[in-house]
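For reference, the chains in residue letters:
2 protein chains.
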Amino acid sequence: METAEQLTKVLRNHGMKITPQRLMIFKILENNESHPSAEEIYKKVKKIYPTVSFTTIYKTLETLRDLGEVKELTIDEDRKHYDPNTKTHHHMICSTCKKILDISEDFSSHIKLPDSLKNDYTVSGFHISFYGTCKGCN
Amino acid sequence: METAEQLTKVLRNHGMKITPQRLMIFKILENNESHPSAEEIYKKVKKIYPTVSFTTIYKTLETLRDLGEVKELTIDEDRKHYDPNTKTHHHMICSTCKKILDISEDFSSHIKLPDSLKNDYTVSGFHISFYGTCKGCN
DNA sequence: TGTTTATAAGTAATTTTTCTCATTTTACCC
DNA sequence: GGGTAAAATGAGAAAAATTACTTATAAACA
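As given, the protein sequences belong to chains A and B, one line each in that order. Mind the numbering: the first sequence is residues 1 to 138 in the working numbering, read in order. Mind the numbering: the second sequence is residues 1 to 138 in the working numbering, read in order.
If you are wondering where the hints come from, they were derived from the structure by calculation, not from laboratory data. Hints are not guaranteed to be accurate.
One copy or any two copies: either way a pair holds, since identical chains are not told apart in the list.
Straight line, CA to CA, 30 Å or less: simulated DSSO-like cross-link-like pairs of lysine-lysine [said to hold, decoys possible]:
hint: 1; residue 1: Lys112; residue 2: Lys80
hint: 2; residue 1: Lys135; residue 2: Lys17
hint: 3; residue 1: Lys87; residue 2: Lys59
hint: 4; residue 1: Lys71; residue 2: Lys135
hint: 5; residue 1: Lys46; residue 2: Lys135
hint: 6; residue 1: Lys80; residue 2: Lys135
hint: 7; residue 1: Lys43; residue 2: Lys135
hint: 8; residue 1: Lys9; residue 2: Lys98
hint: 9; residue 1: Lys43; residue 2: Lys112
hint: 10; residue 1: Lys27; residue 2: Lys118
hint: 11; residue 1: Lys135; residue 2: Lys118
hint: 12; residue 1: Lys135; residue 2: Lys9
hint: 13; residue 1: Lys118; residue 2: Lys17
hint: 14; residue 1: Lys98; residue 2: Lys118
hint: 15; residue 1: Lys47; residue 2: Lys112
hint: 16; residue 1: Lys27; residue 2: Lys112
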């Protein structure tokens, strides 16, 4: 979870430029635990920069993803969500309202690939999706 | 994992009709561990029934999903995959070739939602996605 | 301040999935 | 086996999400 200032430095170090639109995306992501979709980010930016395009949002998110600064979540079957928390963690998704909640518990000591697959696969990580419903939805 | 004959019965019991296209989809899914996408199923059916449409594929898969006979996997960020194995299990996905492998190990005794969330969420299940690369890809 | 170069905006294209509706097929009853 | 109601198919178009392309603009830095 980097601050907008830190993201600015990281991009500058990679020869990229910081525009007001990008800076606003950084600020939207900072400390954001709501797992916004590209569209939600787009709408927020659009309030301040009415001419912003989806291209800018997607391009910036792609850049951040490639730099490892956001994770692209595919937990919602309808659309991607973006998570600035790049530390390993897990999610609970409400099947009804689709809200996504962070689960920061560390399960790594319990979860291992079966021995029979150790030779065939190199595991870089794992992610647990909990499914169910939240209080407000049932 | 139902056979094509069993799926036929299930649909008939729900007042649905069995067409040659549907039967072929059932057979494609039977004992299928390759997690096909809608397009892959479409292509196979098209070889036998050249006029088949995507509508038919998606409609049939939707029906099977609603009956609980296939699971829709959102593990691949590009498209959905369909899994006739409806028993709880997990997956390893190769980041390079996107191939999906079943992990049938039962982790349920190790994986619990933190106590602090027990009152706010009803968990119906969980799914683990292992990420990494397969032997052929690295 | 000027120059270089990446980026933004706008538009169009792609990809995946869904919808509409006319036509065809299935299941079933006789 | 033929007739009939209900359901499914197929063809095309549409929707929704995402990506690509082109040109004008704006950021970075000398």
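The hints, checked one at a time:
1. Lys112 with Lys80: Both, since 27 Å and 25 Å are each at most 30 Å.
2. Lys135 with Lys17: neither (44 Å within a copy, 39 Å between copies)
3. Lys87 with Lys59: within (22 Å within a copy, 39 Å between copies)
4. Lys71 with Lys135: both (27 Å within a copy, 25 Å between copies)
5. Lys46 with Lys135: neither (32 Å within a copy, 45 Å between copies)
6. Lys80 with Lys135: both (24 Å within a copy, 28 Å between copies)
7. Lys43 with Lys135: The answer is within: 28 Å in one copy meets 30 Å, while 43 Å across copies does not.
8. Lys9 with Lys98: neither (34 Å within a copy, 33 Å between copies)
9. Lys43 with Lys112: Answer is neither; intra-copy 41 Å and inter-copy 36 Å both fail.
10. Lys27 with Lys118: For Lys27 and Lys118, the Cα distance exceeds 30 Å both inside one copy (41 Å) and across copies (32 Å).
11. Lys135 with Lys118: Cα proximity of Lys135 and Lys118: across copies only (10 Å, versus 40 Å in one copy).
12. Lys135 with Lys9: For Lys135 and Lys9, neither the intra-copy (41 Å) nor the inter-copy (37 Å) Cα distance is at most 30 Å.
13. Lys118 with Lys17: neither (43 Å within a copy, 45 Å between copies)
14. Lys98 with Lys118: between (34 Å within a copy, 18 Å between copies)
15. Lys47 with Lys112: neither (46 Å within a copy, 41 Å between copies)
16. Lys27 with Lys112: neither (36 Å within a copy, 33 Å between copies)
Violated hints for the displayed structure, listed by number in ascending order: 2, 5, 8, 9, 10, 12, 13, 15, 16.
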